[in-house]
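Number of protein chains: 2
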Amino acid sequence: MDIHRIEAAAGRLKGHARVTPLLSSPFLDEIAGRRVLIKAECLQHTGSFKYRGARSALSALPDEQRARGVIAYSSGNHAQGVALAARQFGVGAVIIMPSDAPRMKIDNTRALGAEVVLYDRATEDRDAIGTKLSQDRGLTLIRPFDDPEVIAGQGTCGLEIAAQAAELGVTEAEVLVCCGGGGLTSGIALALEARAPRMRVRPAEPEGFDDVTRSLASGRIERNTGSATGLCDAIVTPQPGNVTFPIMHRLCAPGIVVSDDDAQRAMALAFARLKLVAEPGGAVALAAALFHPDRVEGDTVICTISGGNVDRAVFLHALTQFGQD
Amino acid sequence: MDIHRIEAAAGRLKGHARVTPLLSSPFLDEIAGRRVLIKAECLQHTGSFKYRGARSALSALPDEQRARGVIAYSSGNHAQGVALAARQFGVGAVIIMPSDAPRMKIDNTRALGAEVVLYDRATEDRDAIGTKLSQDRGLTLIRPFDDPEVIAGQGTCGLEIAAQAAELGVTEAEVLVCCGGGGLTSGIALALEARAPRMRVRPAEPEGFDDVTRSLASGRIERNTGSATGLCDAIVTPQPGNVTFPIMHRLCAPGIVVSDDDAQRAMALAFARLKLVAEPGGAVALAAALFHPDRVEGDTVICTISGGNVDRAVFLHALTQFGQD
Numbered sequence: 498m499d500i501h502r503i504e505a506a507a508g509r510l511k512g513h514a515r516v517t518p519l520l521s522s523p524f525l526d527e528i529a530g531r532r533v534l535i536k537a538e539c540l541q542h543t544g545s546f547k548y549r550g551a552r553s554a555l556s557a558l559p560d561e562q563r564a565r566g567v568i569a570y571s572s573g574n575h576a577q578g579v580a581l582a583a584r585q586f587g588v589g590a591v592i593i594m595p596s597d598a599p600r601m602k603i604d605n606t607r608a609l610g611a612e613v614v615l616y617d618r619a620t621e622d623r624d625a626i627g628t629k630l631s632q633d634r635g636l637t638l639i640r641p642f643d644d645p646e647v648i649a650g651q652g653t654c655g656l657e658i659a660a661q662a663a664e665l666g667v668t669e670a671e672v673l674v675c676c677g678g679g680g681l682t683s684g685i686a687l688a689l690e691a692r693a694p695r696m697r698v699r700p701a702e703p704e705g706f707d708d709v710t711r712s713l714a715s716g717r718i719e720r721n722t723g724s725a726t727g728l729c730d731a732i733v734t735p736q737p738g739n740v741t742f743p744i745m746h747r748l749c750a751p752g753i754v755v756s757d758d759d760a761q762r763a764m765a766l767a768f769a770r771l772k773l774v775a776e777p778g779g780a781v782a783l784a785a786a787l788f789h790p791d792r793v794e795g796d797t798v799i800c801t802i803s804g805g806n807v808d809r810a811v812f813l814h815a816l817t818q819f820g821q822d
Numbered sequence: 498m499d500i501h502r503i504e505a506a507a508g509r510l511k512g513h514a515r516v517t518p519l520l521s522s523p524f525l526d527e528i529a530g531r532r533v534l535i536k537a538e539c540l541q542h543t544g545s546f547k548y549r550g551a552r553s554a555l556s557a558l559p560d561e562q563r564a565r566g567v568i569a570y571s572s573g574n575h576a577q578g579v580a581l582a583a584r585q586f587g588v589g590a591v592i593i594m595p596s597d598a599p600r601m602k603i604d605n606t607r608a609l610g611a612e613v614v615l616y617d618r619a620t621e622d623r624d625a626i627g628t629k630l631s632q633d634r635g636l637t638l639i640r641p642f643d644d645p646e647v648i649a650g651q652g653t654c655g656l657e658i659a660a661q662a663a664e665l666g667v668t669e670a671e672v673l674v675c676c677g678g679g680g681l682t683s684g685i686a687l688a689l690e691a692r693a694p695r696m697r698v699r700p701a702e703p704e705g706f707d708d709v710t711r712s713l714a715s716g717r718i719e720r721n722t723g724s725a726t727g728l729c730d731a732i733v734t735p736q737p738g739n740v741t742f743p744i745m746h747r748l749c750a751p752g753i754v755v756s757d758d759d760a761q762r763a764m765a766l767a768f769a770r771l772k773l774v775a776e777p778g779g780a781v782a783l784a785a786a787l788f789h790p791d792r793v794e795g796d797t798v799i800c801t802i803s804g805g806n807v808d809r810a811v812f813l814h815a816l817t818q819f820g821q822d
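Residue numbers (our numbering), protein chains in the order written: chain A, 498 to 822; chain B, 498 to 822.
Quick caveat, the hints were computed from the structure, so don't treat them as lab data.
Model, not experiment: these values are computed from the prediction.
Warning: the hint list may mix true and false statements.
It does not matter which identical chain is meant; a pair holds if it fits inside one copy or across any two.
[Unchecked claim] SDA-like, lysine to any residue: derived pairs with alpha carbons at most 20 Å apart: (1) Lys511 - Gly666; (2) Lys511 - Ser522; (3) Lys511 - Asp560; (4) Lys511 - Ile500; (5) Lys511 - Ala660; (6) Lys511 - Pro523; (7) Lys511 - Gln661; (8) Lys511 - Thr726; (9) Lys629 - Ser596; (10) Lys511 - Gly587.
Chain A on its own, in the form it takes in the complex:
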């Protein structure tokens, strides 16, 4: 995995993935006590960065293999990314989703033309369902993060960060990335290693699902011990990947862990100050920048808002409980 693979992915994504804006607000700078730049991946197609990796992976497949269709496991954002990319290529997509995934994500995945297969997290074996379907139909598995072409696709977000920050005169910063399995985090880290070597990436995670932060601290892959899901469903994964972890271990600075309340407070500020809709898991990096400034170094912090696929009730709750007039 290196910058050439990310550049190749960028070439395949050109004209398909959106170049999302790098935003800011003087009000957020004031809260954080430093300049805050926000990479608005909630504005990516399908409402999260996941489209980048999905499109990258599908576009890297040989035509014949892709034509037989693809399959993915996902609680929602990867699902939508794969569904849209598959539809664009005119190939079938089967998405295995937990039955308790946010309703909007299930509905959107179906609406994008994918065949959604729901399973019960507690009683059913996701992998067994997926393996059988793949074998029966000759589908190719598109992994959510632990695949070089997926990481390369997410890394295109890092190429944009480097270029957009440089336009603003910023070449040195901590870059906080909402982190689940580490696809976006490792992809951005690889891109910045080549394009903005004075930036350093730091994963941001929700309390109770801080597997990457703990893994970086111990130097080996650690698992989450808590329940299988949470408010920040988009970035809840059991452990960092076998491909992503070594990259993060080599390139990333320590992780930052935030509470669900912090994430919701950041959602309310993204609403008021950026005019953006962030989902809880997509707001943890902004939460880290705003509410844990003592854990961040430097004059400028960059953070991703990695997605905006939030059910209305969850958003209303965050705004009602944590917003200000």
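Once you've looked at the hints, dock chain B against the given chain A.
Frame of chain A, contents of chain B only:
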């Protein structure tokens, strides 16, 4: 007023105003029955397109005159645009605002460093207050729309629309613009006349404040008869301007009028499908595209979301009453 003035404004705004993205969603295309492209001016600095015109006007002033400070009348978005531009130039700004303007807009204007003078719409004479202050202090009035340099600034949004749409292969479309006094509408119309002559601009207005639509129909300036404010406060003005109307009359196709309910329904869809926060007045063009497709022509419609400065309670109401799960 012609394209050269807009190009000059674009030169002065470069590196200051944001190039806002042109977004889309397959879900919105389906509702509208045609391709819908959304110019997200809610992502402009200060949360609305008004910063473009304010910065354009301030940057066009001779240094000595600007140094004495500026004054503006505004219910909120122009206020914030002028406040930020003045702060960037290090000059004072006095903003005369109605005491019933949205609280967020008053607070933000103050927080951006402006001196806010509130007046009672019913009992006080805004112009008398402003004239006295201007004379006493030598302040320059920055008009909200009826000023060539303000129109030129708003026109830079049209330059971007032409370029961004062309990148997507779109050179022919109706362009629906949220319209108050006509600064954005006339500016975009002038820009597109030169850069995308197969596009035609149509003002979108809320019911009860359809002065531009009626003026275009009758061929002369018509006034609003209703109350002085409404849900769509950002685009409620008594009548089109003496500078803006002739431009709109020459270049614009008929206006489209939408209900407050339509505007709120469009806000809920901007939340769900675009991950954007739109204020009611900023959502009327999207509402026209989505809910009045029979009044629009062609395969593609482009609409502005002109601002996102909405009080939390108003947004919560729109999402609760008009959102879907």
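Hints versus structure:
1. Taking identical chains as interchangeable, the C-alpha atoms of Lys511 and Gly666 lie at most 20 Å apart only when they sit on different chains, with a minimum of 14 Å there against 25 Å within one chain.
2. In this assembly of identical chains, Lys511 and Ser522 lie within 20 Å of each other by CA distance solely across copies; the values are 18 Å between and 28 Å within a copy.
3. When the C-alpha separation of Lys511 and Asp560 is checked against a cutoff of 20 Å, the pair qualifies only within one copy, where the shortest distance is 19 Å, while the shortest distance between copies is 43 Å.
4. Taking the shortest Cα distances, Lys511 and Ile500 sit within 20 Å of each other inside one copy (16 Å), while across copies they are farther apart (31 Å).
5. Taking identical chains as interchangeable, the C-alpha atoms of Lys511 and Ala660 lie at most 20 Å apart whether they share a chain (15 Å) or sit on different chains (17 Å).
6. Proximity of Lys511 and Pro523 under a CA criterion of 20 Å is satisfied inter-copy only: 19 Å between copies versus 32 Å inside one chain copy.
7. Taking the shortest Cα distances, Lys511 and Gln661 sit within 20 Å of each other both inside one copy (16 Å) and across copies (14 Å).
8. Proximity of Lys511 and Thr726 under a CA criterion of 20 Å is satisfied in neither setting, with 34 Å inside one chain copy and 45 Å between copies.
9. With identical chains, the CA atoms of Lys629 and Ser596 are at most 20 Å apart within one copy only, with a shortest distance of 19 Å there and 66 Å across copies.
10. When the C-alpha separation of Lys511 and Gly587 is checked against a cutoff of 20 Å, the pair qualifies only within one copy, where the shortest distance is 18 Å, while the shortest distance between copies is 40 Å.
Hint compliance for this structure: hint 8 is the single one not met.
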